[in-house]
Amino acid sequence: MMKIFGDYIRKRREELRTLDREFSVRKVAARLGVQPSYLSKIERGEQAPPTEAKIRALAEILGEDTDVLLALAGKVSSDLQEVIVRRPQLFAQLIRQLKDMPDHAVLKVVREVRDGSW
Amino acid sequence: MIELKNDSLVFSFPEVHPKARLRIDFQRTLRIPDDGRDHFLPPGLGNFPIRHVDDFNGRVPYDWIEHGGVMLPMHQAEAMWLNFDSGYIPEHETSYPFAVKIAAGKIDAVTGENWTNGLHGLPQDYMVVPEQPWLDGFCIEKGTIRQFVAMPLGEGYTAEEQISGKAEHGGLQIIVYPMKREVFERRFPKVERKRDRMEHMTMSKMIMPCMADMDADMGLAPGGRMKQEICEDPYGYEDWDRKTRSRCFVHLANSIMWRAITGEAPPTIPPTARQYTSAGLPWYDYYDADAVALEGSEILDDLKSVIQMGYEKGEYPLPENEPARPKRVIRLRKGLERNQVREGSF
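Keeping their order, the protein sequence lines are chains A and B. Everything in the first sequence is counted per my numbering, starting at 1 for the first residue and increasing by one. Everything in the second sequence is counted per my numbering, starting at 1001 for the first residue and increasing by one.
Isolated chain A (complex conformation) (with noise of 0.2 angstroms):
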């Protein structure tokens, strides 16, 4: 897990860092309040991943979605836990139903406009 969230964000960074400078581990490491060394240590997967407010900041800075880089990161936000605790055994059996399911499948309980032949 810590390997997987390593690589995702090293990854995005060097990708914005070829477009600006400003995307180097020591910059982004003073915008999100950290040392260079320890957010080099968590992109090399050596050091277990930070805080939600710091990986909520990290997907600020990186233009990412929070709540990929918090399932990477083995996490779930705390609005998301505060729905499940609300229902526990109805979301519980609702995600292990969905578990093997196709995207396009899972995107249907969102529900979408559709698209015919025209």
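Since the hints were made in silico from the structure, they are not lab data. Mixed in with the good hints, there may be bad ones.
[What the hints assert, rightly or not] Reference listing, derived: stretches of chain B covered by chain A, where coverage requires no fewer than 3 residues with Cβ under 8 angstroms from a Cβ of chain A:
id	region
1	1013-1020
2	1145-1157
3	1177-1191
4	1263-1271
[To be verified] When the alpha-carbon atoms are kept at most 30 angstroms apart in a straight line, the in silico DSSO-like pairs for lysine-lysine are as follows:
id	chain 1	residue 1	chain 2	residue 2
5	B	K1243	A	K99
6	A	K41	A	K11
7	B	K1227	A	K75
Yeah, the Cβ is synthetic: ideal placement off N, Cα and C, and Gly gets one too.
Fit chain B to the given chain A structure using the hints.
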């Protein structure tokens, strides 16, 4: 993917960029006089109510189910404009750009050509959002459009019938393409967030209270002339992610049909242009110094307006077409003023 939220269509492309979201809503408005003069922009009188056609399977025509998409009610006495809002991304100090194609009865509202799913640069058959904040009609010449007004399909007035000779499709068709992510990040690199940044204001709208015709569906016909530029693509054809797109068919139901299908009352009939103007309410003018306007379409310029067509047919389709001379015109400049709105109440 496209979701229906609060009577707006929300196009999102999370596979391209988490902030790639475009909201399109359909604003009710009054018909501007179809008198050969160029008019200012009319107000937004609130969103048309929108429903999934799938929710009314068995009560809507079969081809609506085949097309998928959504439906909305329109009175023959009213008109429509489309409001585009792709939100503001503070860290990039811009909105995510989209290429948007709009057609009425599968006739492209910018070029007058038949509908295709693809984007075309020459001639440009799409608009660019956020540069284009709204669209009120068919682009007939540089800086001038003819207002989208509702007419029953099958009577020969719609743009589709005038160009193709058939009353086949009706409705509105929309397809949206996002800018490529790498192009977006190169053109709009992240900036350090400043405090007290001026809040982004959308060219918004308001809600006004709500009304009612029978035959099958409606189409959009060219109404009165209005000052509106369709902006040239300021980026480049290659900047659009042409592999990623979402499209939607918007069916137009007349008021009686709407009530029969949904059981809901349609919104009330809007005021006439003269009533609105006499009440001292404002019209609008939009100014974007940086925008270059497209030339307009000769095909669309050849269309007959509803009044012109009515005279030829010996009919009088718009009994309330009195001229209106606005006393108040509010000029809106792109991106400079807070609380830029285009809204009216009556």
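Results of checking the hints against the structure:
1. Under the rule that three or more residues need a Cβ within less than 8 angstroms of chain A, the assignment of the region 1013-1020 of chain B holds, with 4 such residues.
2. Note: the region 1145-1157 of chain B has 0 residues with beta-carbon separation from chain A under 8 angstroms; the three-residue rule is not met and the coverage is violated.
3. Using a Cβ-Cβ cut-off of 8 angstroms, 4 residues of the region 1177-1191 of chain B lie near chain A, which meets the minimum of three, so the contact claim holds.
4. Counting residues of the region 1263-1271 of chain B whose C-beta lies closer than 8 angstroms to any C-beta of chain A gives 0; at least three are required, and the coverage claim is violated.
5. Of the supplied pair hints, the one linking K1243(B) and K99(A) holds, its CA atoms being roughly 28 angstroms apart against a limit of 30 angstroms.
6. Between K41(A) and K11(A), the direct Cα distance comes to roughly 14 angstroms. Compliance with the 30 angstroms bound is thereby established for this hinted pair.
7. Annotation: proposed proximity of K1227(B) to K75(A) is violated, straight-line Cα distance about 53 angstroms (limit 30 angstroms).
Hint compliance for this structure: hints 2, 4, 7 are not met, and every other hint is.
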